[in-house]
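> Take the given structure of chain A and dock chain B to it, following the hints.
Protein sequences appear in the order of chains A and B. Numbering-wise (our numbering), the first sequence opens with residue -18 and increments by one. Numbering-wise (our numbering), the second sequence opens with residue 796 and increments by one.
Any given hint might turn out to be false.
Computed cross-link-like contacts, EDC-like style, restricted to lysine to aspartate or glutamate with a CA-CA straight-line distance of at most 20 Å [unchecked claim]:
1) Lys203(A) <-> Glu1104(B)
2) Lys148(A) <-> Glu982(B)
3) Lys145(A) <-> Glu1104(B)
4) Lys148(A) <-> Asp1093(B)
5) Lys152(A) <-> Glu1104(B)
6) Lys152(A) <-> Asp1108(B)
7) Lys152(A) <-> Glu1124(B)
8) Lys148(A) <-> Asp1118(B)
9) Lys145(A) <-> Glu1106(B)
10) Lys188(A) <-> Asp1118(B)
11) Lys148(A) <-> Glu1124(B)
12) Lys188(A) <-> Asp907(B)
13) Lys1100(B) <-> Glu153(A)
Think of the hints as simulated: they come from the structure by calculation, not from any bench. This structure is a prediction, so every number in the text was calculated from the model and none was measured.
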Amino acid sequence: MRLLIVEDDAPLASGLRRILEAEGHAVDVTGRGEEAVSAASHERFDLVILDIGLPQMDGFEVLRRFRAADKPMPVLVLTARDAVEDRVRGLDLGADDYMVKPFAMPELTARVRALLRRSQSHGGPRIVHGPLALDTVARRAYLKNEPLELAAREWAVLEVLLAKVEKIVSKEAIIQAVAGWGDDLSPNAIEVYVSRLRSKLEPAGIKIRTVRGFGYMLEEFKG
Amino acid sequence: MARSLRAHLLRLLLPPIAALLAVGAVVAYYPSMEPATEAYNQALVDIGIAIGSYVHTKDQSYAFDLPPAVEQVLRTDRYDTIYYRVLTPEGGTIAGEPDLPLAPDASGGSYDALFKGQRIHIVSVLAPCGVGECSILVAETNVKRARLTRDILFSSLMPQMVLAVATLVIVWFGVKRGLGPLARLSEEIKERSPRDLHPIDAAAAPEETRPLLAALNGLLEQVSEASRNQQRFLANAAHQLRTPLAGLQAHTELALSQPLPEPVRAQLDQVHQATIRTARLANQLLALARAEPGARGDPSHVNLKGVVEAEADAWVHQALARDVDLGFELEPAPVQGDAFLLREALANLVHNAIEYSTRGGRVTVRTGARDGNAFAEVEDDGPGIPLAERGRVLERFYRMPGTSGTGSGLGLAIVREIAAGHGAGIELGEGAGSKGCRVAITFPHA
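Only chain A is shown next, with the shape it has when bound in the complex (with noise of 0.2 Å):
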């Protein structure tokens, strides 16, 4: 994937670029936002790193020249200020994730890994999570290659899931998405689903983590 760093602070910008060269990306960095602003109106870009603290045009403009100007790529933003105000700013104005610096590299990269692959499938008939793919269109499912057998509300709750893989994901969350149906989900027929769909999916090494009194979290798939 073609990735752009905009970071001003040159010891990160290249520590991120050999990270992220190593994860398999191309990457191309710079400092200034009027240079990425320009970049990013000639060539097409998979991910945006984009710090806020530029100086002259600074991320939050880099940002909304961006979408003004369509384009599309996911952003993610970092940051060194942890006001509440600029995280709800940069969110409001289209960021994709939002990292307040120091962070750990693991969580940068899985945070990357994330935005890419939402935005690989966006929209897109195929979803695939290790050896589980999902043709939307079709509403097949595929495990190792062999078709999967999957109940309607099994099929929804793995979707939520799916969206949102290594976060965790309240039941009450759950629950909206799949009581699409006009009939009330308990809380606990959530849980049934979830035991159904870890008995088929887990010998195949994916795993749903309960996270207690909150919900469930798909964990990324370790080979």
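Same frame as chain A, but now just chain B:
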């Protein structure tokens, strides 16, 4: 400047009021005194005329035969003793008191004199006798006149005295009443929290206090500007500190991901740990600075349940990294406060619980309300805090003896500071089954 406004006003008012009183007395006394004494004199003249009618001329000599009954009637007076003296045109005294003083000059009329050691008032009346005129002096003591003087003075001064006293009383209470808005203002300022730097509303204050309020509001504006500057400085300091730390962490982790000789790896691991500790310490110091009065934002409605839900994902990942089972029991817990600081307080509690838990341990975050008081608490099943240490762990930079973790000793101090700023209390106790540690923050009624 320590002078009382009230005493000052009274001191200013007293001399003119006293002067007015004196002038008023004089002005009222003389005009009312004159007709009154005139009437008394006329009574004496009448007596003189009556006495004169008893003087007869007979063979070139004068006779005066006042019957005793008449004399008694004429000389009867309720208050005063009446004297008389009848003089012939030649100047001989034919009746009455021969020692009654004559007029000091020839004009006669009415005059004051001393007689038998008493002050008296005398009028002289002329009565025809023969070819000449006899002169009759009629005198009375001053008792009636003195009473009259007293009565007139009293009746004219009394209303003025009442007026003067009323004026002083009105000034005394009027000043208190007039200064009432100032007193209310000082109450309002006294009750303000140190974090409230809003200008004082001048609309309700009296016109005269506006300059004072304007000056006060100017000062408040300067203080809050200074506080905003401090906020900007903190934000900049955070940026300046965090960005190089992020670079340091990136390169350390990058280096650690490569094959390294074991001693170098161990050293680099130390650098990595130190970097993470430094970053956390920087965050905590910033949080402490932001928790200071004056640096805080305006309180708003915050639901602790929502705060936890927003942070749950990050915390669960921290817990998973240490193989800790982080769970939640969340009920609505509405409070008034600063969302950033509340998040920071809860994050510190959760971080501590995860940090001091053993592998495979359980940490539970709860929010809700007990008896109408919103609360948030974090419970773990780790080693817990011995009773003797519970007071000290809330102090800044204090770490329990034998603690191995990477903590700075600031976490609970930050929680305490933030709780205090929200009027909330902290309770340190044991977890379920007398195991581990439970830290609860309980908020006052919203």
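> For the pair we were handed, Lys188(A) and Asp1118(B), check the Cα-Cα distance against 20 Å.
Holds, at roughly 16 Å.
> Between Lys152(A) and Glu1124(B), does the CA-CA distance stay at or below 20 Å?
13 Å, holds
> Next pair to validate is Lys203(A) with Glu1104(B); report whether the Cα-Cα distance is within 20 Å.
Distance ~27 Å between Lys203(A) and Glu1104(B) Cα, so the pair is violated.
> Assess, step by step, whether the Cα of Lys188(A) is no farther than 20 Å from the Cα of Asp907(B), and give holds or violated.
132 Å, violated
> Are the Cα positions of Lys148(A) and Glu982(B) separated by 20 Å at most?
52 Å, violated
> Measure nothing beyond the straight line between the CA atoms of Lys148(A) and Asp1118(B); if it is 20 Å or shorter, mark the hint as holding.
The hint holds at about 17 Å.
> With the threshold set at 20 Å, check whether the alpha-carbon distance from Lys148(A) to Asp1093(B) stays at or below it.
Answer violated: Lys148(A) to Asp1093(B) is near 32 Å, above 20 Å.
> Taken at face value, is the distance from the CA of Glu1106(B) to the CA of Lys145(A) at most 20 Å?
15 Å, holds
> Compare the distance between the alpha carbons of Lys152(A) and Asp1108(B) with 20 Å, and conclude whether the hinted pair is satisfied.
14 Å, holds
> Against the 20 Å threshold, does the CA-CA distance of Lys1100(B) and Glu153(A) hold or violate the hint?
With Cα atoms ~14 Å apart, Lys1100(B) and Glu153(A) stay inside 20 Å; holds.
> Check whether the Cα positions of Lys152(A) and Glu1104(B) lie no farther apart than 20 Å.
Judged against 20 Å, a Cα distance of about 12 Å means the pair holds.
> Are the Cα positions of Lys145(A) and Glu1104(B) separated by 20 Å at most?
15 Å, holds
Of the numbered hints listed earlier, those contradicted by the structure are 1, 2, 4 and 12.
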